[in-house]
Amino acid sequence: MADKHKLLEVKGLTMDFGGLRAVDSVSLEVHEGEIAALIGPNGAGKTTFFNCVTGIYTPTKGDILLHPKGLATRRLNGLKPNKVTEMGLARTFQNIRLFPDMTVLENVMIGRHCRTKSGIFRSIIRSRGVREEEQQIVEDSYQLLVKVGLGEFANEFSKNLPYGAQRRLEIARAMATDPFLLLLDEPAAGMNPQETAELDQLICKISEEDRIAILLIEHDMKLVMNISNPIYVMEYGKKIAEGSPQEIKDNPKVIEAYLGEETDA
Amino acid sequence: MEYFIELFLSGLTRGSIYALIALGYTMVYGIIQLINFAHGEIYMIGAFVALIVAGVCTIYGFAGVSVLIIAAIAAVIYASAYGYTLEKIAYRPLRGAPRLSPLISAIGMSIFLQNYVLLAQTSDFLPFPRLIPDFEFMEPVAHIIGSPELVILVTTVVTMILLTLLIKKTKVGKAMRATQQDMSMARLVGINVDRIISLTFVIGSALAAIGGVLVASYIGQVNFYIGFLAGVKAFTAAVLGGIGSIPGAVLGGLVLGLTESFAAGYVSSDYEDVFAFGLLVLILILRPAGILGKARKQKV
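These protein sequences, in sequence, are chains A and B. Going by the working numbering, the first residue of the first sequence is number 1, and it counts up by one from there. Going by the working numbering, the first residue of the second sequence is number 1001, and it counts up by one from there.
Misleading hints may appear alongside valid ones.
[Unchecked claim] Using 27 Å as the maximum straight-line C-alpha spacing, the simulated DSS-like pairs for lysine-lysine come out as follows:
1. B:K1169 to A:K147
2. B:K1294 to A:K83
3. A:K159 to B:K1169
4. A:K6 to A:K61
5. A:K159 to A:K205
6. A:K11 to A:K249
7. A:K222 to A:K238
8. A:K80 to B:K1088
9. A:K11 to A:K238
10. A:K69 to A:K11
11. A:K83 to B:K1169
12. B:K1088 to A:K83
13. A:K159 to B:K1088
14. B:K1294 to B:K1169
15. B:K1168 to A:K159
Rather than coming from a laboratory, the hints here were simulated on the basis of the structure. All values reported here derive from a predicted model rather than from experimental measurement.
Build out the structure end to end from the sequences listed, making use of the hints.
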């Protein structure tokens, strides 16, 4: 794994809310081509970790470093979310956060806009260049919808889609920002086994075809063990284990965290 | 019947002005859930700038419609700059504070701007030149609708069509809608939310300034206090139509204008406000979110 390019490097990340330490010096790395997973019991601080990385919170301590391929390293601490997105990092949320009163296509197009050049005035005046750019955005966005299997719903309002489709739309929108690293917060939450299996395939497809590295939070162990390597485990804000699926399965600390401590009766 | 048409058209004129100002309230509310009480003052400042620029233009020998256009452009630019600055110094530092804080800041800015104009200008009513000329082709129907009313109606309709196109069709419009529906998610798809909020204030202020110029040259006088009443009426229109909804603001403005006009025409002009606010109470009892408003679900 040493020869792979390191994309995201988090060193000793700590996040305090008043007197509560939600994340306690967690270090983590995501390399090119990886599907990494972050697991742990509820309240372990996984989502807080994501929020720190994507600029929603400014971490108390630690470094979040992004190493885009062929570009200089950037430190993400305290950057605004829209800057983090511009840098090539996209995410989805645990609960659905689509723009409900926009069409499916518009939801994807909006993600694409941060990659276009035309500013406020040029987009109002609508020169030929702007219109061509707009046309390109529509085509790219439609291709993304086809990829996640939502091509036929392009003109529906996103709030009218079934749940599993809304989840896939969120992934499409995140991909529209053209990231090299995608953070998925419980993408399979609330899905039935059939939908989870489809999601499983979609994530692998994104990883292989689009060469996007993925870091995901997930409770569905079947999905995690199937597709991700390495796996990081958090409990009470601390990282308690990391390794391949097999190592994690056999790790006594992880078993303890999930099933409780064994006591001699 | 002719009397009815006359009242209808004057109500429409009045209503379209309310709508123009109400748009500023509703757009800002839609995005940051703030009732910008200083919005009426922006309208007043727009009217004052137009008065000054029109005076200067007249001295330099411009005449007729050119004065109106130059004055209106100046008012729009000046008021937009005020709107932008207002957001930057009075509201942006309070982003993330409890909702009451920016509201109080807004009231403070409203009082400040009123008194600033009072001190910088005067407390008297100043005569405003009739910038809208009389059209000759209007002659056969001029007793039903005058040229100022016609200009106001056409201007507001054109402005609203442009605004709708901006919001529905352009990239910034899409970004505005996204910000309105979910601000933190909008950030995460790469939208510079601060810039979109500034832009919303600029657009709202520009609309208010257009309203200010039209009303001032229609009524023929301005004063530092005109923003207050116009602001209250436009706010009522925005609430009536459902605050946060752009078509709602237009509809609310028109309903309010027509109600006032008919109440003044068939009952008594003393009672026009009673009818207007009575209607507001009635609609808020029957539909608390306003005519086109949607009840917002609070998510934790």
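field: Pair hint K1294 of chain B and K83 of chain A, alpha-carbon separation not exceeding 27 Å
entry: Distance of about 32 Å is beyond 27 Å: violated.
query: Are the Cα atoms of K83 of chain A and K1169 of chain B separated by 27 Å or less?
result: At roughly 25 Å apart (the allowed maximum being 27 Å), K1169 of chain B and K83 of chain A satisfy the hint.
field: Agreement of K222 of chain A and K238 of chain A with the hint, judged by alpha carbon distance not exceeding 27 Å
entry: Distance ~23 Å between K222 of chain A and K238 of chain A Cα, so the pair holds.
Satisfaction of hint between K11 of chain A and K69 of chain A, Cα-Cα up to 27 Å: 19 Å, holds
message: Run the distance test for K1169 of chain B versus K147 of chain A: straight-line Cα separation, threshold 27 Å.
response: 25 Å, holds
- prompt: Given the hint that K1088 of chain B pairs with K83 of chain A, does the C-alpha gap stay at or below 27 Å?
  reply: Holds, because 20 Å separates the two Cα atoms, which is no more than 27 Å.
task: Compare the distance between the alpha carbons of K159 of chain A and K1088 of chain B with 27 Å, and conclude whether the hinted pair is satisfied.
output: 34 Å, violated
query: CA of K80 of chain A to CA of K1088 of chain B, is that 27 Å or under?
result: Status holds; Cα separation ~18 Å.
- prompt: Going straight from one Cα to the other, do K6 of chain A and K61 of chain A come out at no more than 27 Å?
  reply: Measuring from Cα to Cα gives roughly 21 Å; hence the hint holds.
message: Please verify whether K1294 of chain B and K1169 of chain B have alpha carbons no more than 27 Å apart.
response: 23 Å, holds
message: So if I understand the rule, the pair passes when the alpha-carbon distance is 27 Å or less; does K159 of chain A with K205 of chain A pass?
response: 26 Å, holds
Given hint K238 of chain A paired with K11 of chain A - CA-CA distance at most 27 Å: 13 Å, holds
Checked against the numbered hints given earlier, this structure breaks hints 2 and 13; the rest are met.
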